[in-house]
Amino acid sequence: MSRVLDIVQNRDLFQVEEEQTVAEVARHMMDLHVGAILVMNQGQLRGVFSERDLMKRVVCEKLDPDRTPVREVMTHAVATIDENASVEDALQAMEANQCRHLPVTRGSRVVAFLSMRDLMHYELALKTEELHHMRAYIHGSA
Numbered sequence: 001m002s003r004v005l006d007i008v009q010n011r012d013l014f015q016v017e018e019e020q021t022v023a024e025v026a027r028h029m030m031d032l033h034v035g036a037i038l039v040m041n042q043g044q045l046r047g048v049f050s051e052r053d054l055m056k057r058v059v060c061e062k063l064d065p066d067r068t069p070v071r072e073v074m075t076h077a078v079a080t081i082d083e084n085a086s087v088e089d090a091l092q093a094m095e096a097n098q099c100r101h102l103p104v105t106r107g108s109r110v111v112a113f114l115s116m117r118d119l120m121h122y123e124l125a126l127k128t129e130e131l132h133h134m135r136a137y138i139h140g141s142a
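Quick note, the sequence shown lines up with residues 1 to 142 if you use the working numbering.
Hints listed in this document are in silico derivations from the structure and should not be mistaken for laboratory results.
No false leads were slipped in.
Listed next, the in silico DMTMM-like pairs over lysine to aspartate or glutamate satisfying Cα-Cα at most 25 Å (straight line): (1) K62 <-> E17; (2) K56 <-> E95; (3) K56 <-> E19; (4) K56 <-> E18; (5) K127 <-> D89; (6) K56 <-> E24; (7) K62 <-> E72; (8) K127 <-> E88; (9) K62 <-> E24; (10) K56 <-> D31; (11) K127 <-> D6.
Please work from the sequences and hints to get the whole structure.
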C-alpha cells in the first residue's frame, strides 16, 4: 500500500508568513509555479492560501493586495494528513474536506504539502509501470 510519504519525500517545503501581503505571497506563488502555499508563523501552521482564496476573498471583495495581510484572507480551517497515511486516505480526506491540498504532518510538525495533482501523477506513474510490465509479460520478454 502506497503512503503519502512515498509521494512527498525529499521535497522542498514552500511557505510564507502570515504577516506578508497578498501581493507578496501571490508573486512568490507565481515564482514557484504553485497554486497554493502554506501560511506559517514561527514554524506553526496557521492556514493555507490558494488561488481560489485570491479570487474569492481578494479580487471579488475588491481588497488591495498590496495592503491586505494574507492572514486576513487565507483558509484558516485546514485539514492535515499524517505522512504515514495511505494514498487512499489522502484522497478520502480531500473529498471529505472539499479541498485539493493537504499539509502533511509528522507528529505536530508540517513536513510537506500534498496536492490532488501529486496524487494523480503518482497513480498515473504506477498504472503506466503496471501496463509496461503487463505488455512485457504478454510479449514474452518478462
